[in-house]
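S.K.: Sequence:
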Amino acid sequence: RKLKDPESIKVTKIKKPPVGNFAQLTLETEAMVEPFMNLINDGRVTNKKGKLLFAKRADPKGDRDDATNEEGSKRDRNEDDNGDLRKRRKKESSLPKTSDEIRDAITPLWKMPYEQQLQMKWREMVKKC
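If you read the sequence shown in full-length UniProt numbering, its first letter stands for residue 1, the second for the next number, and so on.
No lab work stands behind these hints: they were computed from the structure. Hints should not be assumed to be uniformly reliable.
[Said to hold, decoys possible] Straight-line C-alpha distance at most 16 Å; calculated EDC-like pairs for lysine to aspartate or glutamate:
#: 1; residue 1: Lys15; residue 2: Asp42
#: 2; residue 1: Lys48; residue 2: Glu28
#: 3; residue 1: Lys121; residue 2: Glu101
#: 4; residue 1: Lys111; residue 2: Glu101
#: 5; residue 1: Lys56; residue 2: Glu34
#: 6; residue 1: Lys48; residue 2: Glu30
#: 7; residue 1: Lys13; residue 2: Glu28
#: 8; residue 1: Lys15; residue 2: Glu34
#: 9; residue 1: Lys97; residue 2: Asp59
#: 10; residue 1: Lys49; residue 2: Asp59
#: 11; residue 1: Lys48; residue 2: Glu34
[Stated by the list, open to error] Simulated restraints on C-beta separations:
#: 12; residue 1: Ala23; residue 2: Leu95; range: 56 to 66 Å
#: 13; residue 1: Pro18; residue 2: Met112; range: 29 to 39 Å
#: 14; residue 1: Ser99; residue 2: Pro17; range: 50 to 60 Å
#: 15; residue 1: Lys13; residue 2: Ala105; range: 52 to 62 Å
#: 16; residue 1: Cys129; residue 2: Pro18; range: 43 to 53 Å
#: 17; residue 1: Gly50; residue 2: Glu30; range: 54 to 64 Å
#: 18; residue 1: Gly20; residue 2: Gly50; range: 11 to 21 Å
For glycine and all other residues, C-beta sits at the position ideal for the given N, C-alpha and C.
Let's have the full structure, built from the sequences with the hints guiding it.
M.R.: Next comes the structure, spelled out in C-alpha cells:
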C-alpha cells in the first residue's frame, strides 16, 4: 500500500535476509524514524497478502554501518597490541616422542605376548556382549 506522505520519509537502504519475514530499513535521518514507525504501526498498512505490517527500532549492535560497538569488531579482537593476528598455536612439546610412546599410541598391547593379547581381547569382547 502506498504511504501517505512519501516525501517526508526517505529510505536510503533496505536489507532483506533470504529467510525470514522481515526487512531492515535505513532512513535518511533519525528524525524520520518516529513518524515512519507511527505510520506503519497505526494498523492500516498491509503487505501483498493482506497481513498487517509493524515496525520496531533495530538494535544498534545489528547495524554494521555505525562505528564499532563497545565490544569492537571481530578483526579488532583478533589483533594483538602490535597488530599481529592472533592464531591458534599448536601445543609445542619440548621433548620428541620416544619410540615406545609411538608404539603405545599405535598398538597398545605391543608389550604383551600374542597369546595374552588374544585372551585379553576375548575377555573384553565377552564383557561387552
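S.K.: Under the constraints set out in the numbered hints, which ones does this structure not fulfil?
M.R.: The structure breaks hints 1, 2, 3, 6, 8, 9, 10, 11, 13, 17; every other hint is satisfied.
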